[in-house]
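K.L.:
Given the coordinates of chain U, assemble chain R onto it according to the supplied hints.
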Amino acid sequence: MENFDLIIPEIFLSLSIFLTLLIGVFFKNSYNLVTNLTYLIIVSLLLIIFNSFNESGNLFSNSFITNSFINFFKILILLGTLFVMLITQNFIKDTKINYFEYPLLILFSVLGMFFMISSNDLMSFYLGLELQSLALYILASFDRDNLKSNESGLKYFVLSALSSGLLLYGCSLLYGFTGSTNFEEINLKMELENTGTTFAMVFILVGLAFKVSAVPFHMWTPDVYQGSPSSVTSFFAVVPKVAGIAILIRFVQIPFEQLIDQWQNILVFMSIASMILGAVAAIGQTNIKRLIAYSSIGHIGYALAGISTGTVTGYSSSIAYISVYVIMNLGVFSCIFLMKKDGKYCEDIKDLAGTSKQNPLLAIAFLIIMFSLAGIPPLAGFFAKFYVFMSVIENGMYTLAIIGLLSTVISAFYYLRIIKIIYFDDMHKPFDHIKNLGISTTLFLSTVILITFFIYPSFLNTIVETLVIN
Amino acid sequence: MNFPILSSVTLLPALGALFILFSKSEKNENRNVINLSLFTSVANFILTIFLWHSFDKNFVGFQFVEEQNWISGFIKFKFGIDGISILFIVLTAFITPICIISCVNSVKTRLKEFLIAILILETFMIGVFCSLDLVVFYIFFEAGLIPMFLIIGIWGGPKRVYAAFKFFLFTLLGSVLMLVAIISIYWITGTTDITQIFEIKIPVKYQYILWLAFFSSFAVKMPMWPVHTWLPDAHVEAPTAGSVILAAILLKMAGYGFLRFSIGMFPVASEYFIPLIFTLSIIAIIYTSLVALMQEDMKKLIAYSSVAHMGFVTLGIFTFTPQGIEGSIFQMISHGLISAALFLCVGVLYDRAHSRLISSYGGVVNILPKYSLVFGVFMLSALGLPGTSGFVGEFLVLIGVFQKSFLVAILASVGIILGAAYMLWLYKRVVFGKLEKNELKELKDLNFSEGTVLFLLMALVLFFGFYPNLILDTIHTSVEELIKNYKQAIIFNLSVIK
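From first to last, the protein sequence lines are chains U and R.
So the first sequence is residues 1 to 470, counted in this note's numbering.
So the second sequence is residues 1 to 498, counted in this note's numbering.
What the hints contain is simulated information worked out from the structure, not anything from laboratory work.
Backbone N, C-alpha and C define an ideal beta-carbon position, used for all residues, glycine too.
Please note: incorrect hints may appear among the correct ones.
[To be verified] If the Cβ cut is set under 8 Å, some of the chain R residues that face chain U in the computed set are:
#  : residue
1  : I139
2  : E142
3  : I154
4  : F165
5  : K166
6  : L169
7  : L173
8  : V180
9  : S184
10 : W425
[To be verified] Calculated cross-link-like contacts (lysine-lysine; reagent style DSBU-like; alpha-carbon spacing at most 35 Å):
#  : chain 1 : residue 1 : chain 2 : residue 2
11 : U       : K340      : R       : K166
12 : R       : K444      : U       : K350
13 : U       : K341      : R       : K159
14 : R       : K159      : U       : K344
15 : U       : K357      : U       : K28
16 : R       : K166      : R       : K57
17 : U       : K340      : R       : K201
18 : U       : K357      : R       : K444
19 : U       : K435      : R       : K112
20 : U       : K96       : U       : K189
21 : R       : K159      : U       : K429
22 : U       : K350      : R       : K201
23 : U       : K341      : R       : K166
24 : R       : K108      : U       : K341
25 : U       : K350      : R       : K112
26 : R       : K108      : U       : K429
27 : R       : K112      : U       : K341
This is chain U alone, in the form it adopts within the complex (with noise of 0.2 Å):
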C-alpha cells in the first residue's frame, strides 16, 4: 500500500477545485463566493504543507515525490499567489474581468506548478507544465473585449506551444537514448560520450528558458506582460517564475547531474544574455509593465547565475535570490495597483510625476523597492544579489560575476529613473485616493522585509541551505 499521505496537498487542490467549479456554476454573480473560497483553500493548503513539511518520500513507482526542498516552493508558490489575488481584487472589479473562473483558472494553474515541481518522472513532469500553462494561456486573455489581451494571449500560446513542443522532443530523445522516463534512473543510465543525451538536454533546457523568460527564449515576456490585464501580469512576474526555478533546479541536479559541464556553458550564457539584457532592454521603456517585465529577464538571469555553479551554495542562493525577487515583485505590483487616475489605471511611467508630494508613502514604498531591485546595500535586494555573487565568485566564474556586477550598474540607471519620476520631477495630476486593506498590508509587509532584512541576512539561506543539502 502506498503512502498516500504524500500527495495530500494535491488531492485536497484538486478535489477542492472542482467543488469551488460547481459552487460557481450554480451561484448567480459568484465571482466574490468564489474568490473568498480560494482564499480559504490557499490558507488551508498552506496548513496542510506546513503540516507535512518534513515528510519525505514518492508515490506512484516514484513518478512523485516529496520532500522538504519540494515543500518551500510550494510554501513559496500559495504564498505569492495569496498576496497576488489580496492585492489585485480592485482591479479585477474594476476592469470587470470578476468572473469566477478567473480565481479558479489560478488554483488550477498552481495545481499544475505543484505537480510540475513535484513530479519525478518525465510523463508526469510535462503534463504538469502543461496543466499550468493551459491555465495561464486563458487568464492571459481574460479581459475578452481587449484587443491586447486577445493578443497576448494567442502570442503566449503559439509561442509557448513551441518550447512544449521542443520541451517534448527532449523528452522523448532522453527516453530513447537512456530508456526510462524517470530522473533518477535517466541518472544512472546516462551516458557521457553519447551526443544524442546532450542533444534532449539542450531541447529540455530550452523549453525551461522559455518558461522563466530567459534570454534568448525572452521574446514573449514584454508583450504578453504589457497585453495581459495587470492583475494577471502580476501572477505571471511572481508565481511561474518560483515554479521554473524550482523545476530548473530539479533537473540539473537528478536527471542532469552527470552532464554538469554542457549544462553549465548554457546557463551561463542564458545568464550573461539575461542580465545584459534585463538592463539595456529596460533602459527605453515607459510603459511601467514592459520595464517589469524586462526588469524581470534581468532577474532571472541573476538566479541562473546562482545555479550555473551547480553547487549546493550556488542553488540555495539562486533560491533566496528568487525569494526575495517575489517580495520586491509582489511590492512593485502592489504600487501599481494604486496607480489610478480618474478611475483608470495607469500604466505610463511619467503618470508617477511628483508622487511624493501628493502621496508620500507610496513615494517611500517605491523609492524602498526600486533601490532594492537595484541591488543597493543595505536592502534584501543587496543581500540576495551578494549571496549569488558569492557562490558565482567561490567557482571562480570571474567573468560571469563581472558582467553580472556591471549589469547592475546598467539597470540601477532605470531604476533610478523612476525614483526621478516620482521624487525629482513636478505633479501632474494625482492619483484616485484608494484605500483596500490587502495592498497596503502587502506593500507594508515587502517594504518592511526589504528595509530589516539587513539585520539577519543570512536567514533565508541557512533554511535554503539545509533543504537543498537533503
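P.N.:
For chain R alone, kept in the frame of chain U given last:
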C-alpha cells in the same frame, strides 16, 4: 569597556531620523523637526568628543572593538577604530550639525525629509569609518549613495537630475568592482575581517588585480583625474548642505579607504603602483588648478580646487613616509573644515543674491564686511597660508614627497602656486573693487546662525594651523604602525624574490 559606544555613535542619527519621521506634521512643525535633528546631531558630536577623549593614543591596533555574529558562518559585524579613523568620525559628527544649521536658511521645501536624509547619511558615513569588516564597510560605503542621490536630486539646482545620476552611476560603477574583489578576498583568505586579513596576508600574485579593483572604487570617490568629472556637476547642483557633506566627508572616505584597505591589505601592489598614483595626482593638481582658474561659477571653482587638494592627499599617502601620511590625514581633516566653510560662504551669497556666477558680484566688502573677513580667512587657508590648517597638511605632504621624488615635489609645488592664483583671483573679483551692481546694495551681512557657524569653523582652522599636534598626536602611533607593517611586507616580498 563594555558600552558599545561605536554602535551608539553610528545608530544615534538614524534613531533621530526615525523620530523625525514620526513627528507630527503641524503648521509650525519646522521648529520641532529642526530642534530634534540638531539635538540628535549635537548629542552625537558630544558622544564622539567623549570617544576621542577616552581614546588611547599610544595603543597599537584597534580600540573599542565590537563583534557580533551577523551573516551566519562567514561574516561578522565588526566595529573598531584606531588613530586613523577616530578623527574622521569626529569630523563627520562635527560637520553634520553645521549642515543642519545651514540648511534652515537655504532649504525651503520638504525640510523634514531633508533632515532625515542628512541624519541617515551621517549614520552611513560614521559606519564607513568604524567598520573593520570589508562587507560591512562596503554596505555603508554604498548605502550612502541613496541619501546623497536624493539630496542632490530633490533639493538641487536646475541640472540636478543629470548631476544626481552621474554621481550615482559613476560611484556605483567603481564600487561593484570592489565588491568582486571583496568576495574574492573572502575565498582567498577565508575571512573578510580586516584585522585577520592583515595577519594572514594576501598572496602577492593576487594583490595587483585586487588593488586595481579597490582603486577603481576609491579613485572615483576621491575623485582622481580622469574620473573626477562627476564632482563639479554634483557640487554645483547640490544644495549648500549637500555640497558641504560631499566635500567635507564623502571625499574623505576614499582617502581613508586607501589608508586602511589598499595599503594595509596590498602593500606590495601599493608599492608597485606608486608611479601611477603619482602621475594621476600630479595631473590632478596641475590640470584641475588650471581648470579652476577659468571657472565662472564659484561652486565649480571650489569643486575643482577640491580635486586638486585631494591630489595632495593621494600624493602624501603613497609616499609611505610618516610625514607624508600624517600630512595627508591632516590635509583631509583641514580640507574637510575649509571646503565646508567655503561652500557655506558661497551659500551665504547665493541665499541672498541667488547667483553663483563670479561676474554677478564685485565689491562685496563694502556691504558685507564680516562676511568678507571670514571668506578671506578661508580663502587664505585654502591656498595654504602659514598659520592656517591648510598650510600644515600641504607642507607635511611636500616634505614626504621630497624624500621620494624631487621632480614630483616641484610639480606639486607649482600646484600650490596655481592654487594661490585661482583663490586670490576669485576673492578679488567677488569681494574687492567698487560696488557697482545695484541689486547687491540691499544685501545684509551674516545673520546669527551663519556667523556662529563660520566663526566657529574659522577658529578651528586657525587653531589647527597654530597647534596641529592635537591631530598629529592622535594619528601618530597608528601611522607608525601602518608604515612598519608596510615596510615589513615589502622587505619580506623582496627576500622571497631573491
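K.L.:
Next step is simple, just say for each hint if it's right about the structure.
P.N.:
Right, here's what the structure says about each hint:
For R/I139, the shortest C-beta to C-beta distance to chain U is roughly 4 Å, which falls under 8 Å, so the interface hint holds. For R/E142, the shortest C-beta to C-beta distance to chain U is roughly 5 Å, which falls under 8 Å, so the interface hint holds. Taking 8 Å as the C-beta contact cut-off toward chain U, the hint placing R/I154 at the interface holds, the least distance being around 5 Å. The closest approach between the C-beta of R/F165 and any C-beta of chain U is roughly 6 Å, which is under the 8 Å cut-off, so the hint is satisfied.
Annotation: interface hint on R/K166 violated; nearest CB of chain U at approximately 11 Å, more than 8 Å. At its closest, the beta carbon of R/L169 sits 6 Å from a beta carbon of chain U; the interface hint therefore holds under the 8 Å criterion. Proximity of R/L173 to chain U holds as hinted, the smallest CB-CB distance being about 5 Å (cut-off 8 Å). Checking R/V180 against chain U by beta carbon gives a least distance of about 5 Å; that is within 8 Å, so the hint holds.
The beta carbon of R/S184 is positioned within 8 Å of a beta carbon in chain U (closest approach about 6 Å), and the interface hint is therefore held. Taking 8 Å as the C-beta contact cut-off toward chain U, the hint placing R/W425 at the interface is violated, the least distance being around 35 Å. For the suggested pair U/K340 and R/K166, the alpha carbons sit about 32 Å apart, so the restraint of at most 35 Å is met. The suggested pairing of R/K444 with U/K350 is violated, with an alpha-carbon distance near 42 Å, which exceeds 35 Å.
For the proposed pair U/K341 and R/K159, the alpha carbon gap of about 29 Å is at most 35 Å, so the pair holds. The hinted pair formed by R/K159 and U/K344 meets the criterion: a straight-line CA distance of about 33 Å does not exceed 35 Å. Proximity of U/K357 to U/K28 is assessed by CA-CA distance (about 44 Å); at most 35 Å being required, the pair is judged violated. This hinted pair does not check out: R/K166 and R/K57 have alpha carbons roughly 40 Å apart, beyond 35 Å.
Of the supplied pair hints, the one linking U/K340 and R/K201 is violated, its CA atoms being roughly 58 Å apart against a limit of 35 Å. A threshold of 35 Å between alpha carbons decides the hint, and for U/K357 with R/K444 the separation of about 33 Å falls inside it, so the pair holds. Taking the CA atoms of U/K435 and R/K112, the gap is about 26 Å. The hint holds against a cut of 35 Å. Restraint check for U/K96 and U/K189: not satisfied, since their Cα atoms lie roughly 53 Å apart, outside the 35 Å limit.
The hinted pair formed by R/K159 and U/K429 meets the criterion: a straight-line CA distance of about 24 Å does not exceed 35 Å. Between the alpha carbons of U/K350 and R/K201 the distance comes to roughly 52 Å, so the proposed pair goes past 35 Å and is violated. The hinted pair formed by U/K341 and R/K166 meets the criterion: a straight-line CA distance of about 33 Å does not exceed 35 Å. Between R/K108 and U/K341 the CA atoms are separated by roughly 29 Å; this keeps the pair inside 35 Å, and the hint holds.
The suggested pairing of U/K350 with R/K112 holds, with an alpha-carbon distance near 26 Å, which does not exceed 35 Å. With a C-alpha separation of about 23 Å, the suggested pair R/K108 and U/K429 falls inside the 35 Å cut-off, and the hint holds. Restraint check: the Cα-Cα separation between R/K112 and U/K341 comes to about 28 Å, which is no more than 35 Å; the hinted pair holds.
Going down the numbered hints, you'll see the structure goes against 5, 10, 12, 15, 16, 17, 20 and 22, while the others check out.
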